[in-house]
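J.: Turn these sequences into a full structure, and let the hints guide you.
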Amino acid sequence: MPPSSPSKIVVCHLGRVAYEPARAMQERVQEQLIAAKRAEPPEPMPHVLLLLEHPPVYTLGKSGDAENLLVPEEQLEALDATFHRIGRGGDVTFHGPGQLVGYPLFDLDRFFTDLGRYLRTLEEVVIRTCDAYGVSGTRVDGRTGVWVGPDDRGLE
Numbered sequence: 000m001p002p003s004s005p006s007k008i009v010v011c012h013l014g015r016v017a018y019e020p021a022r023a024m025q026e027r028v029q030e031q032l033i034a035a036k037r038a039e040p041p042e043p044m045p046h047v048l049l050l051l052e053h054p055p056v057y058t059l060g061k062s063g064d065a066e067n068l069l070v071p072e073e074q075l076e077a078l079d080a081t082f083h084r085i086g087r088g089g090d091v092t093f094h095g096p097g098q099l100v101g102y103p104l105f106d107l108d109r110f111f112t113d114l115g116r117y118l119r120t121l122e123e124v125v126i127r128t129c130d131a132y133g134v135s136g137t138r139v140d141g142r143t144g145v146w147v148g149p150d151d152r153g154l155e
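Take the sequence shown: its position 52, counted from the start at 1, is 51 in numbering that gives the first Met the number 0, and no numbers get skipped.
Keep in mind that the hints were calculated from the coordinates and are not lab data. Model, not experiment: these values are computed from the prediction. Some hints could be false.
[To be verified] Computed spacing ranges between beta-carbons, pair by pair: (1) G86 x D108: 18 to 28 Å; (2) G141 x A38: 19 to 29 Å; (3) F110 x E66: 15 to 25 Å; (4) G141 x F110: 19 to 29 Å; (5) G89 x R37: 20 to 30 Å; (6) T120 x K36: 37 to 47 Å; (7) E39 x G133: 13 to 23 Å; (8) P71 x T143: 18 to 28 Å; (9) E76 x F110: 37 to 47 Å; (10) G88 x L48: 15 to 25 Å; (11) R116 x A77: 34 to 44 Å.
Backbone N, C-alpha and C fix where the C-beta goes; we use that ideal spot for every residue, glycine too.
T.: So, in structure tokens, the structure goes:
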């Protein structure tokens, strides 16, 4: 990490935020980080971690298959859920009440540029954090993310 680069992370606890406003916020923060990095001389900017909860939402990543959405799109409204096609990787993902979602907006050049290594490191941080709270978080082979079982979530 260059000596002029700050190493702090600004953590923003946002509460419940709908998907589109959260996505727009991510884009604004990303634009600010890129502009600061491109400035002459580059301006020091902290990394940003947005922590929030979404109302029920399904997203479909650019590498996903709409056939994997097990709820027909026309029924989502009856479930008070929204659906968004997004420009990131991944397949169908559900986010909803009670689920903590973290959106890290980090300059990976200041860590490492191997995306797979970054994702595995991020998963390990989440697993260790879950463990600190007595929740067993695990990886699923071939998938990105951390999963907890129904017993750990307090669900039947």
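J.: So, for every hint listed, does it hold in this structure?
T.: Hints and how they fare:
1. G86 x D108: 18 to 28 Å: For G86 and D108 the Cβ distance comes to about 21 Å; the hint holds.
2. G141 x A38: 19 to 29 Å: Since G141 and A38 have Cβ atoms about 40 Å apart, the given range 19 to 29 Å is violated.
3. F110 x E66: 15 to 25 Å: Violated - the Cβ-Cβ distance for F110 and E66, about 35 Å, lies outside 15 to 25 Å.
4. G141 x F110: 19 to 29 Å: Given range 19 to 29 Å: holds, Cβ gap about 24 Å.
5. G89 x R37: 20 to 30 Å: Hint holds: Cβ distance 28 Å, inside 20 to 30 Å.
6. T120 x K36: 37 to 47 Å: violated (21 Å)
7. E39 x G133: 13 to 23 Å: With Cβ atoms ~49 Å apart, the hint is violated.
8. P71 x T143: 18 to 28 Å: holds (26 Å)
9. E76 x F110: 37 to 47 Å: Holds, since E76 and F110 (Cβ atoms, about 41 Å apart) stay within the stated range.
10. G88 x L48: 15 to 25 Å: holds (20 Å)
11. R116 x A77: 34 to 44 Å: holds (42 Å)
Hint violations for this structure: numbers 2, 3, 6, 7, all remaining hints satisfied.
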